[in-house]
Structures are given as C-alpha cells and as structure tokens.
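Asks: Now for the letters of each chain:
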Amino acid sequence: MDDIAQRCIEIIAKSKGIPADSITLDSTFDGLNIDSLDKINISFEVEEAFNIEIPDEALGTIKTVGDMVRGVSQLRENHPPAAVTTP
Amino acid sequence: MNRIVVTGLGCVTPIGSNIEDFRSALFSGQTGIAPFPDFPEAPGETQGLRFTQSGRVKDFDPRQHLESGIVVSTDRTTQFAIVAARQAAEHSNLLQHHAADNIAIIVGCACGGRQAEETETAKLYTRDARVHPLTVTRTMASAGASHISIALGITGPVLNISTACSSGTHAIGLAFQMVRAGMVSAAITGGHEAPLTFGFLRAWDSMRVVSPTQCRPFSADRDGMTLGEGSAMLVLETLESAQARNAPIYAEIVGFGSSADAHHITQPAPEGAAGAMRKALSDANASPDEVGYISAHGTGTQANDATEAAAIHQLFGARASHIPISSTKSLHGHSIGATGALEALATILSLHHGQLPANAGVTEIDPAINLDVILNAPREVTPELALSNSLAFGGLNAVLAFRPFTDHS
Numbered sequence: 000m001d002d003i004a005q006r007c008i009e010i011i012a013k014s015k016g017i018p019a020d021s022i023t024l025d026s027t028f029d030g031l032n033i034d035s036l037d038k039i040n041i042s043f044e045v046e047e048a049f050n051i052e053i054p055d056e057a058l059g060t061i062k063t064v065g066d067m068v069r070g071v072s073q074l075r076e077n078h079p080p081a082a083v084t085t086p
Numbered sequence: 000m001n002r003i004v005v006t007g008l009g010c011v012t013p014i015g016s017n018i019e020d021f022r023s024a025l026f027s028g029q030t031g032i033a034p035f036p037d038f039p040e041a042p043g044e045t046q047g048l049r050f051t052q053s054g055r056v057k058d059f060d061p062r063q064h065l066e067s068g069i070v071v072s073t074d075r076t077t078q079f080a081i082v083a084a085r086q087a088a089e090h091s092n093l094l095q096h097h098a099a100d101n102i103a104i105i106v107g108c109a110c111g112g113r114q115a116e117e118t119e120t121a122k123l124y125t126r127d128a129r130v131h132p133l134t135v136t137r138t139m140a141s142a143g144a145s146h147i148s149i150a151l152g153i154t155g156p157v158l159n160i161s162t163a164c165s166s167g168t169h170a171i172g173l174a175f176q177m178v179r180a181g182m183v184s185a186a187i188t189g190g191h192e193a194p195l196t197f198g199f200l201r202a203w204d205s206m207r208v209v210s211p212t213q214c215r216p217f218s219a220d221r222d223g224m225t226l227g228e229g230s231a232m233l234v235l236e237t238l239e240s241a242q243a244r245n246a247p248i249y250a251e252i253v254g255f256g257s258s259a260d261a262h263h264i265t266q267p268a269p270e271g272a273a274g275a276m277r278k279a280l281s282d283a284n285a286s287p288d289e290v291g292y293i294s295a296h297g298t299g300t301q302a303n304d305a306t307e308a309a310a311i312h313q314l315f316g317a318r319a320s321h322i323p324i325s326s327t328k329s330l331h332g333h334s335i336g337a338t339g340a341l342e343a344l345a346t347i348l349s350l351h352h353g354q355l356p357a358n359a360g361v362t363e364i365d366p367a368i369n370l371d372v373i374l375n376a377p378r379e380v381t382p383e384l385a386l387s388n389s390l391a392f393g394g395l396n397a398v399l400a401f402r403p404f405t406d407h408s
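Top to bottom, those sequences are chains A and B.
Mapping to numbering that gives the first Met the number 0: the first sequence position 60 is 59, numbers consecutive.
Mapping to numbering that gives the first Met the number 0: the second sequence position 206 is 205, numbers consecutive.
Watch out, some of these pointers could steer you wrong.
[Said to hold, decoys possible] Partial selection, computed: residues in chain A whose CB lies under 10 Å from chain B:
#1 L24
#2 D29
#3 S35
#4 K38
#5 E44
[To be verified] According to the in silico footprint, chain A covers these stretches of chain B (three or more CB under 8 Å from chain A):
#6 60 to 67
#7 70 to 82
[Claimed, not checked] With a Cα cut of at most 30 Å, we get these calculated DSS-like pairs of lysine-lysine:
#8 K278(B) to K38(A)
#9 K13(A) to K122(B)
#10 K122(B) to K57(B)
#11 K38(A) to K62(A)
#12 K13(A) to K38(A)
#13 K57(B) to K13(A)
#14 K62(A) to K13(A)
In case anyone wonders, no lab produced these hints; they're calculated from the structure.
Where a beta carbon is used, it is the ideal one built from N, C-alpha and C, also for glycine.
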C-alpha cells in the first residue's frame, strides 16, 4: 500500500475512532458508517494532509476508500504541491 | 396553577460526571478546582496568565458517548450538553411517557463553541489556513440545544438562552414557566459551557477578576473567581404527570424571578439582585421568612459578594444574617452559562438529601458580609424553601425558588 493510501486510512481511522487495520481500500464509506458529517471532516483532513482542494462535484462520487485514494493521487498529479523554497 | 417538579437529573462537571459522584463531592467538600495544563500554542513560560487553576471536567472522552459524526461536528460544550441531557432524560424515563412534540428544550449557553472558534481563528490569522468546514456548527451557541433535540428526537420548542452568567438559571426559569402554563407537558432544561480556552482565560485575566490563589466566596481575603466548565440538566414536568407515571421526584420548583440592574456592565447593584429574589418569592407565593437556604451566586470577587450580601440584607432585614448560605462555585468554579444550572442541581440535591453544602476555602468570613456562611461541613437540615441566585455581568439577575417535595395536595 502506498503512502497516500496509508495516510488516507489513518485519517479515516482517527476521524471515526476505529483501528486503522480495520480499513482497506475496498471498505465502503457506508460500511464504515461514515455519515455526512464524518465525510465533511475526513475530506477536510485529507485536503489539509495533501495540500489539495477536492472539487465539490467529486465529493459526491467517493464511495470507497479506494475512490478517495485514487482521487487524491489524481489531484496531486494534476496540481503537485508547490516546491519548498527558501527566501 | 400546575405544581412543577424535577423528575430527572444529569451532569458533566468538574466534581463528577454523574449525579452520584456530583452529590458525593458536593457534600464531602471535594473540590474540582486544580491547576490547568499548559496551552502548547501559547507564548512564554507564564503564558501571560496571573492564575493557574480552573474547574475542568476530568477524563471526558466524547467518543465514549457520541457517534463520530457528532464528535467531529461539535465543540466540547455541545458534547457536555448532549451527555448531561441524555442522563437526565433516561433517569426520568421522560420519552416513554411524554410525546416528543410536547417536550421543550430550554438551555443556557453564553459562550458557544469557544475551542473551535479560537483554533480556527488562530490558524486563519497566523497562516491564512483553511477554515474547517464544520466551524459554524461547532461554534453556534444554540448547537447544544439543537443536538439535544436531535439525539433524543424531541420536536417541541427548543431555545438557547444567552444571558452571560445567568443563562442556565434564566433557562430553567423559562422552562418552568412554560410547563406551568401548559405550553408543553415537560422540559429538559439547564446549561452547558466549555470556555476554558487560552484566549478566554486571557480575556478574564485582563479584567483582573480571577483569583491568583483560590476562589473563596465570602472570605475576608477573597481575591477573585475561578473559571470552570460543565453542564447540568433537569427534567421538569407537572406533579400530576410525575405522579401518574410514578416518576422519581427530587424537588418542587415553585418560583422564578428575573430583573435587570440597569446600572453598569460589570459592577452589580444590590437593588437588582434583591428585586429578582423578591419576584421569585412572590411567584412562589412565599414570604421571605420561609427561606431557609440561599445558594449564592458567590463568585468570590470583592464586588459580587459584597453586593449580593447587601441585596440579601435589603430583602431579608434582620433575618439575613441567620439564613444559611453557601456558594458551590468554591468547588466547581464559575462555568458562566452553565453555572446557574450546576447550582440549581446542587440546591435540588440539598433539598432531596436534607444537607446544605459547605462553602470551601474561607479563612475568615468577611465581617462586612455578615451572613451565615456554611463552613467546613454540610449542615444537616431540610429548609422549607431555598433560593438559587445568578447575578450576571450586565446586571442580568435570575433567581429560582425550590421546595423539598412533599405531597400536600
């Protein structure tokens, strides 16, 4: 499992208060009892962690952990975080 | 007119997060005031604070009580409110006997979600960070009232009352009036607050009204208040419905008085406090001679305690110095919008158990106060009638009158 997947799972585990090893890429949000409030919080934490902005239209299409990981990877490819520069 | 009784109790407080622990600490004088932890985000070694103690709720893990979606979308104050209200409702078996649309939720919260507000604002102002999308739901002061209704499925009138340090008392008073008037058949009422954030403590520090030592109301050497947090909730209903369903009855609430000083935003005036006590007694059809205990606002500041004492002397005359009085803030601290509810709970338990709680911390009673302050140990007596006073900044006063429950119908 790559770093993005691992980090997404950690964020979901923390937000839900459940063990990370109970979550896989195939886990569905419904199956993890992720309600709309959980989803808002998880999406925000993922945006913060990867310095991305998830488009509104994409939020509704995320049904599994794998969907989220793929979406994050895509957003990072399209908009890589700015390189750190020193003044 | 309907007689109104208290049939359910719940609490999350610095001296206990269930009624039995609260009762035990109240009558054994076990304080919940302790040094607060450092604020990692705060600059400097002293963190700019002249005081080191607060009344914090210990070991509160919201995930033990609430779904994760609720935990992430609420501030600590709302979490206290839901847990305390649920205790009170379950304790009373309220929902098995009253229709959901005939129950009111009237609670006091003055500060809203302080922790969420400060965390997000600090991030925004210091590094232009994104604001958490649940900041609005975490910070709105009425979130506690809403979440109680959602958690319990209650669809009657739901209100949050914000009158600074009197919020909880005003809330209980309004709920009492609504049930007595027949607007609803029952109410969940009380207060909740979680204001012990760095910014809030610094704001109070700047006012120079917080004790650098220990809150000791009515003591000659008192030097200020100690801030606290928590929630207390009550279930109110008519005596008729309580008896018809064999509900436990802890006390009768018989009067509510409310007044404004119209004087000063921080300096209290005795006429306002005396007026609220007089109105509560009038509402209860009681005479001042019947009052056998006063649960004081008693913040431990020079101004409050002197003014409250002056109000009591003004109203009760020569009897004033013979009425037992104590301030339980000396045990749980001053939790702003919640404190009146914690003190109402303490008063109800006092009447139910026939014990009046002692006022902690006093080295010598201020002779200028000239009141019968209960010291060292609880007093074993059941007064005929007790008052619970709340006197807020801005001169907003609220007083509740309670009697021990006796079936004299």
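Asks: Which constraints among the numbered hints does this structure fail? Numbers only, ascending.
Replies: Violated hints: 1, 2 and 8; rest satisfied.
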